[in-house]
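Starting from the structure of chain A, add chain B with the ligands where the hints point.
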Amino acid sequence: MSNTEKSDYRGQIHQLQKEMMVEWYQKLDESATTGKPPAVSLMISGNCIELLEAFDVLPLYPEVNALQLAIRRQSLEPILVAEEMGYATDNCAYVKADIGAMVKGITPAGGKLPVAALALCNFVGCNVYTKWFEHIAEFQKSPLFMLDVPFLRTDTPSKDDVAYVVRQLHDLVKQLEQITGKKFDMDRFREAVRNSARVEELWSRIKHLSKKKPSPYDAYFDAISLMGPLYVYRANPRGVHFFEVALKEYEQMVERGQGPFEKEKFRVVLEGPPPYPFFRTFRDMFAKWGACTVASTYSTVGGLWEFGFRHDPQEPFEAIALHMIENNVTNRNYLQRYDQIRRYVEEWDADGLIIHFVKSCRLFSAGQGDMRDYFTKELGIPTLYLESDIEDPRYFSEAQIKNRMDAFFESLGHAPARTAAQLSAGKAGSGIPMVPTASPKLRVLN
Amino acid sequence: MRETLAFDFERTFDQCATLLGDLTFPTVAAWKQEHPGGRVIGYFPVYAPSEIIHAAGMLPVALHGAGDGLELQHADARFGSFICSIVKSTLELAMTERLALMDGLLFSTICDSARNLAFVIKRNQPGMYVDFLHLPHNPNGTASHDFLASEYRRLIGHLQELSGRTISDEALRNSIAVFNENRNLLRRLYEFRRDYPERLRTWELYVLMRAGNFVPVETHNEWLRGVLEELPGRTGKRRDAIRVVIEGSFCEQPPLDLIRVMEEAGCTIADDDFILGRRWFNADVPVAGDPLMNLAESYQDRSVYSSVRHDNRNPRHKQLVEKVRQAKAQAVVFLTAKFCEPACFDYVLFKRELEAAKIPHLPLEFEEKAYTFDRFRMEVETFVESLLFE
Ligand code: SF4
Ligand code: SF4
Chain A
1 MSNTEKSDYR GQIHQLQKEM MVEWYQKLDE SATTGKPPAV SLMISGNCIE
51 LLEAFDVLPL YPEVNALQLA IRRQSLEPIL VAEEMGYATD NCAYVKADIG
101 AMVKGITPAG GKLPVAALAL CNFVGCNVYT KWFEHIAEFQ KSPLFMLDVP
151 FLRTDTPSKD DVAYVVRQLH DLVKQLEQIT GKKFDMDRFR EAVRNSARVE
201 ELWSRIKHLS KKKPSPYDAY FDAISLMGPL YVYRANPRGV HFFEVALKEY
251 EQMVERGQGP FEKEKFRVVL EGPPPYPFFR TFRDMFAKWG ACTVASTYST
301 VGGLWEFGFR HDPQEPFEAI ALHMIENNVT NRNYLQRYDQ IRRYVEEWDA
351 DGLIIHFVKS CRLFSAGQGD MRDYFTKELG IPTLYLESDI EDPRYFSEAQ
401 IKNRMDAFFE SLGHAPARTA AQLSAGKAGS GIPMVPTASP KLRVLN
Chain B
1 MRETLAFDFE RTFDQCATLL GDLTFPTVAA WKQEHPGGRV IGYFPVYAPS
51 EIIHAAGMLP VALHGAGDGL ELQHADARFG SFICSIVKST LELAMTERLA
101 LMDGLLFSTI CDSARNLAFV IKRNQPGMYV DFLHLPHNPN GTASHDFLAS
151 EYRRLIGHLQ ELSGRTISDE ALRNSIAVFN ENRNLLRRLY EFRRDYPERL
201 RTWELYVLMR AGNFVPVETH NEWLRGVLEE LPGRTGKRRD AIRVVIEGSF
251 CEQPPLDLIR VMEEAGCTIA DDDFILGRRW FNADVPVAGD PLMNLAESYQ
301 DRSVYSSVRH DNRNPRHKQL VEKVRQAKAQ AVVFLTAKFC EPACFDYVLF
351 KRELEAAKIP HLPLEFEEKA YTFDRFRMEV ETFVESLLFE
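Those protein sequences? They're chains A and B, same order as listed. This note's numbering applies: residue 1 is where the first sequence begins, and numbers increase by one. This note's numbering applies: residue 1 is where the second sequence begins, and numbers increase by one.
No lab work stands behind these hints: they were computed from the structure. Yeah, the Cβ is synthetic: ideal placement off N, Cα and C, and Gly gets one too. Don't take each hint at face value.
Below, simulated DSBU-like cross-link-like pairs (lysine-lysine); rule was C-alpha separation at most 35 Å, straight line [said to hold, decoys possible]:
1. A:Lys141 <-> B:Lys338
2. B:Lys328 <-> A:Lys141
3. A:Lys174 <-> A:Lys36
4. A:Lys18 <-> A:Lys182
5. A:Lys377 <-> B:Lys369
6. B:Lys318 <-> A:Lys104
7. B:Lys369 <-> B:Lys328
8. A:Lys212 <-> A:Lys288
9. B:Lys358 <-> A:Lys141
10. B:Lys338 <-> B:Lys369
11. B:Lys369 <-> A:Lys104
12. B:Lys338 <-> A:Lys377
13. A:Lys112 <-> B:Lys369
14. B:Lys351 <-> A:Lys141
15. A:Lys36 <-> B:Lys323
16. A:Lys112 <-> B:Lys318
17. B:Lys328 <-> B:Lys318
18. A:Lys377 <-> A:Lys18
19. B:Lys338 <-> A:Lys402
20. A:Lys141 <-> B:Lys369
21. A:Lys104 <-> B:Lys323
22. B:Lys318 <-> A:Lys141
Covered by chain A, per the in silico footprint, the following chain B stretches (three or more residues, Cβ under 8 Å) [what the hints assert, rightly or not]:
23. 110 to 117
24. 120 to 126
25. 138 to 150
26. 274 to 287
27. 345 to 354
If we strip away everything but chain A, and leave its shape as in the complex, we get (with noise of 0.2 Å):
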């Protein structure tokens, strides 16, 4: 085994991404000089960018913010000023990351960010975004439009979910029709709702690719990369450019038989967002084990698109609605996490579940101990529990999460590769009875 085994693939879309998002930054603070375009703040998850981008207004993700703030390890000043402020130690820190960084003037670029025109809160299934964006509302006196989505609390969403979102987005239209002063152009959106489609389609394929042994890159590390652009730019012609091109890439590197690793060793599923103040860290411990991440479900935060689903731009405003219902995992109940969770083991053979509990998350984490017991008392799979933190830099202790991962892979060197039958057999012990094996409208792409 080796020791220093890094991923260090760096392919021509990742200098694409780089300009891209630089790019977004520069826009964003052009529009906190001069106003123009106006600016909206928006949650990642399943959210309505087709509408922001058939008025041209920029989107501005907090989200990001705290992210970005993270990974360049500048959080843990702006989570002191918000705690401060009365956030409690046990509040989601990215909120906090974000409020302290927005009160101090702090930008993860640098430059400048705007004002958001209107907080614009898509209540997609965490409900620290509720007061997430009422805060923001409240320190920006910006204007708060709360566009709540029904919980799927069900199979599939009924009728009744689905008109009161559209109802919602029409009035969110008028909204938008006053912020820009323009009239609501129905070509236009519709438009950004088949560039969406299509960046939706390539991305998929992308996703799938990962099923190919080795796989041509990390579902979860490369992934994150790869959620700037999808986000930022989905529904975009730049965005559908970008997909095209990393998805060749991709083809590419399956072709030579190429993965991030000279010699792909374990393929593991992750469950979780990923501890951003050491992400490189983190990356290297799976490197040094040769361990590929093969499907993440923190990579269909923004949508959940491998098992089939589209925006369809004869139906727009009902396809956003089912976006921001169905398919997204945030807004996706928990029991349907653990299926989706277990067709990635299965469909993407993997050796092995994480489980990468983060504190400041619920939504995430609240449960993740019986997620464990299913995984591995019912359906008998390797799984493996961390626990550090997504933004706050406290939480990360990193001679212990090494010595699990190390315990965790040494012992997976070791146990006989399991069949497929043994897997249906625990599948079939599962005794989940409310669980979807999938959702009759979701169709699965080969």
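For chain B with the ligands alone, kept in the frame of chain A given last:
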């Protein structure tokens, strides 16, 4: 059953207190015995449309954790660190068969921990009806009325399946009326306590109200009426104390002794948010007309404020200051469940608003299990003294 529930003013409060700590739910068991085939629906706080459960001929039971009455043997491993007590103790109740009297469990959109709990319980209690209500967060416009009415229709569908009988509009209207009466009686008791705190202590009001979670609403109404009749004849001595509003205990409940300690340490509690779900509406839900629409509209337009209901038309921090004024209180004590994310977030804006209004406050944190209250007592005493002698 009758005997246990017979009204006796002198003993009422102690009886109620005993009932709260009994995790065998004796009154619920008795109700089931008296109603063969009767169904019980437990609901996790904060709010649930009890009227609908009642109209289905079922007994709604509000769950409020397990206090200090249960060792956690299953729940800690499943929910781990950074999760409030009530989520874990409720799971423990379920996994140790203590919720076997319930035929169904209802959860709602209050927070991420409670939501995940609903589905973890669903997996671990495969035979039980476990449902999750999406209570709307966007109060602007009428879309959420229609949506919530449809959500209630979905619930009714499941309850009808469970009971095998249909729920008529007439039954719903009757139920709305009985719960309106319950809320009215509680409002009157709250007013009485606000005006004559020496004659009705908060711990008494609290146990009386909370005991209503485990008995039919009609019985509870009788108790409340009985207490209201007797109260004017009661005497009590005013003490040196400061008047406070309690904020933050809307979901997980503080140990009863903690409420007593606060009173002993010199606080007169003039208003609070204990067991908020029983007092959810600040005006009657209209009885005439479409009952589901009336319930849905009331959720949007007649609800009290709470950290788990979102109404950007009327921010909570403004309403807290208003509450302090109405209660003629001098200060706010935040009594927040440890790891309660909604309460912790709201503290930031509450604090800012209180400081601007020059209203002093004391933040305290509790867990269901607490064995000594010395630290609390000291903190409260110091706070009270600082205000009394300022
Ligand atoms: S709780 Fe989790 S999903 Fe919600 S804002 Fe925080 S990190 Fe994001
Ligand atoms: S006490 Fe707070 S965190 Fe816990 S379940 Fe209730 S609302 Fe959620």
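Item to check | Numbered hints the structure breaks, given as an ascending list | outcome: 11, 13, 15, 18, 20 and 26
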